[in-house]
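Following the hints, complete the assembly by docking chain B onto the known chain A.
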Amino acid sequence: MDPDTDIGGAQQRFPVTNQSAIAAARSDDHVVRQRAFDTILTSYWKPAYKYIRLKWQANNEDAKDLTQGFFANAFEKNHFANYDARKASFQTFLRTCLDGFVANERKAGKRLKRGGDANHFQLDFLSAEDELAMQATQANDLNPEDYFHREWVRWMFTMSVEMLRERCQSSGRNVHFQLFEAYDLNDDDATTVSYASLAKTFNLDATTVNNYLAATRRDFRRIVLDKLREITATDEEFRTEARSLLGVDVK
Amino acid sequence: MKWLSDSKVSHLRAVVGNPDFSGTKYTFVKELARGGMGAVYLAEDTELNRQVAIKVLSTPEITEDLRRRMIREAQIIARLEHPGIVPVHDVGVLPDGRVFYAMKFVRGVRLDEYAANTTSTRERLRKFQAVCDAVAFAHAHGVIHRDLKPQNIMIGSFGEVLVLDWGVAKILRAEVSSEADTLMLPAAGTNKAGDTAHGTVIGTRQYMSPEQARGEIDQLDERSDIYSLGAVFYFLLTDQAPNDERPRTLNPKVTKPAEAICLKAMARDRASRYAGAGKMSADVSRLLDAEPVSAYRENAYEKVSRWVGKNRFLVLLVLAYLLMRIFFIFTSRS
Chain A
3 MDPDTDIGGA QQRFPVTNQS AIAAARSDDH VVRQRAFDTI LTSYWKPAYK
53 YIRLKWQANN EDAKDLTQGF FANAFEKNHF ANYDARKASF QTFLRTCLDG
103 FVANERKAGK RLKRGGDANH FQLDFLSAED ELAMQATQAN DLNPEDYFHR
153 EWVRWMFTMS VEMLRERCQS SGRNVHFQLF EAYDLNDDDA TTVSYASLAK
203 TFNLDATTVN NYLAATRRDF RRIVLDKLRE ITATDEEFRT EARSLLGVDV
253 K
Chain B
20 MKWLSDSKVS HLRAVVGNPD FSGTKYTFVK ELARGGMGAV YLAEDTELNR
70 QVAIKVLSTP EITEDLRRRM IREAQIIARL EHPGIVPVHD VGVLPDGRVF
120 YAMKFVRGVR LDEYAANTTS TRERLRKFQA VCDAVAFAHA HGVIHRDLKP
170 QNIMIGSFGE VLVLDWGVAK ILRAEVSSEA DTLMLPAAGT NKAGDTAHGT
220 VIGTRQYMSP EQARGEIDQL DERSDIYSLG AVFYFLLTDQ APNDERPRTL
270 NPKVTKPAEA ICLKAMARDR ASRYAGAGKM SADVSRLLDA EPVSAYRENA
320 YEKVSRWVGK NRFLVLLVLA YLLMRIFFIF TSRS
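Protein sequence lines, in the order shown, are assigned to chains A and B. In terms of our numbering, the first sequence is numbered consecutively and its last residue is 253. In terms of our numbering, the second sequence is numbered consecutively and its last residue is 353.
Isolated chain A (complex conformation) (with noise of 0.2 Å):
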């Protein structure tokens, strides 16, 4: 394993609550700033890094130093305080001080040395460049900016399926999350797999399958709104990204 590509750092960390973490980016207070931090890098350091290896045709390397890079200086100048929701959404806004960041960096002729005095986050870019690879026929179909929200989305799912995993072992609903597995993230064709064959696999009756089904989606559903809220600044942009999100706006 490359021990410049830790597995199991910032992405762990949930944030605690359902608050504007945008809006607690402009805390007086360290501590509630730094959390805020930790739920945008969270929620944005992965389709951060696939778009400057896409749009900015980083190498490894450079992608890593070059992420850890804008989070750091973002949190060591408060950058995210600035965000105004009147001009633009937060995801809009990060992509624009990215890619400011970025050319700056080039401009610069600069390679920001990881393991320096810049912060130095544990991100999965393991995960990233795996990501990377299976999807490498796919990307060159969309344009930047659509390109970086598509692997938001599916960042904001992943991360939401993986806490919805955490919250059904802890609450003892295992049968759930397998159910919601087994129909819903399955990989195979949907086709082979129905509400009948998962009650007969899992020894439930139909109406408790789709029971079950219904009360974990919601969950998720509840989850991914919830995560969703904390990286909006305002109840417009909640909404607008919520109809985004859902699919009811495709951009």
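Heads up, some of the hints might be wrong.
Stated by the list, open to error - Computed list of lysine-lysine pairs in DSSO-like fashion (alpha-carbon distance at most 27 Å, straight line):
#1 B:K329 x B:K272
#2 A:K202 x B:K275
#3 B:K146 x B:K298
#4 B:K27 x B:K49
#5 B:K123 x B:K49
#6 B:K298 x B:K322
#7 A:K202 x B:K27
#8 B:K21 x A:K57
#9 A:K202 x B:K123
#10 B:K27 x A:K57
#11 B:K322 x B:K272
#12 B:K21 x B:K49
#13 B:K123 x B:K146
#14 B:K49 x A:K202
#15 A:K57 x A:K79
Claimed, not checked - Each pair of labels, with its calculated beta carbon distance range:
#16 A:D189 x B:A159: 41 to 47 Å
#17 A:E147 x B:D258: 36 to 42 Å
#18 B:S291 x A:T242: 52 to 58 Å
#19 A:L144 x B:Q70: 34 to 40 Å
#20 A:L128 x B:S29: 22 to 28 Å
#21 A:K202 x B:L67: 22 to 28 Å
#22 B:S26 x A:Q59: 38 to 44 Å
#23 B:R87 x A:L128: 31 to 37 Å
#24 A:T236 x B:D237: 52 to 58 Å
#25 B:L269 x A:N145: 47 to 53 Å
#26 B:E179 x A:R224: 51 to 57 Å
Unchecked claim - One-sided excerpt, in silico: chain A residues whose CB lies under 7 Å from chain B:
#27 E63
#28 F159
#29 T160
#30 R167
#31 N212
#32 R219
The set of hints was computed from the structure by calculation and includes no laboratory data. If you're wondering where the values come from, they're calculated on a predicted model, not measured in any experiment. A virtual CB, placed ideally from N, CA and C, is assigned to each residue, including glycine.
Frame of chain A; chain B shown alone:
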């Protein structure tokens, strides 16, 4: 963490957005359509073993009072039993508090799709008459639709015509229920008290009456639906959604009486429109039968032309007879 493919992400997006039917007798199948008022889903009725269309209304801030009113209104609409009105089988509340209606799942095509494949104006107008009849029935029971448009009219597999989406309907009179007057189903923009706020625009702009477009809720009555019927008629004559052009400008084949029917229904002044859908249907019927229509005053030439057109066979017979007479007169003289 498990990698989620694009198809899984799409599926999860749908899962998050789809309604939760747990606790009901329905299981989710797929989304059919989505609009400003909510979305329609295909679902399986597990008790009766049949597919139904379920409309789930979008109401971000629903109060108990509003929910109660919506259910009561759905019950009233469910009592509209007419072959041209999609029957409402059930009404209820989802675990997240949203109200849903279960309706007959109609297999067929929308009127706009039907029109795209049907060039015969006569055929189109026959379907339109069936729409008028269904609307007239609802009006007779004190219900106006408020969102009549080609996309809300289905032509079934056997040619039957069904008017869908009574979700924004307004109950005009307490004919069906003593408590039913002036209740409205909510839409985005409704106030918390549950009454549609004056100034709230519900419907589809190109097909809605001027008073509805202005959000003058208290001015809405059967004549607002008449305007929308006129707009649908306009579409059937021109293949275009209503705009500033007259039908005959867009399609020279449209006759003056047909245009007159359309313009009368779409009059800006409510009082100048047809008094009821039945009256409009009767005019369309007369148009199809080459009879004079109430919306258009013919001159003598047009009267003769229409009569000749209607009695073409008789006229040809008489002409043939006269020609033969003339021929015989000339041949007998020579």
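Output the indices of the hints that this structure fails to meet, ascending.
2, 9, 16, 18, 22, 23, 24, 25, 26, 27 and 30
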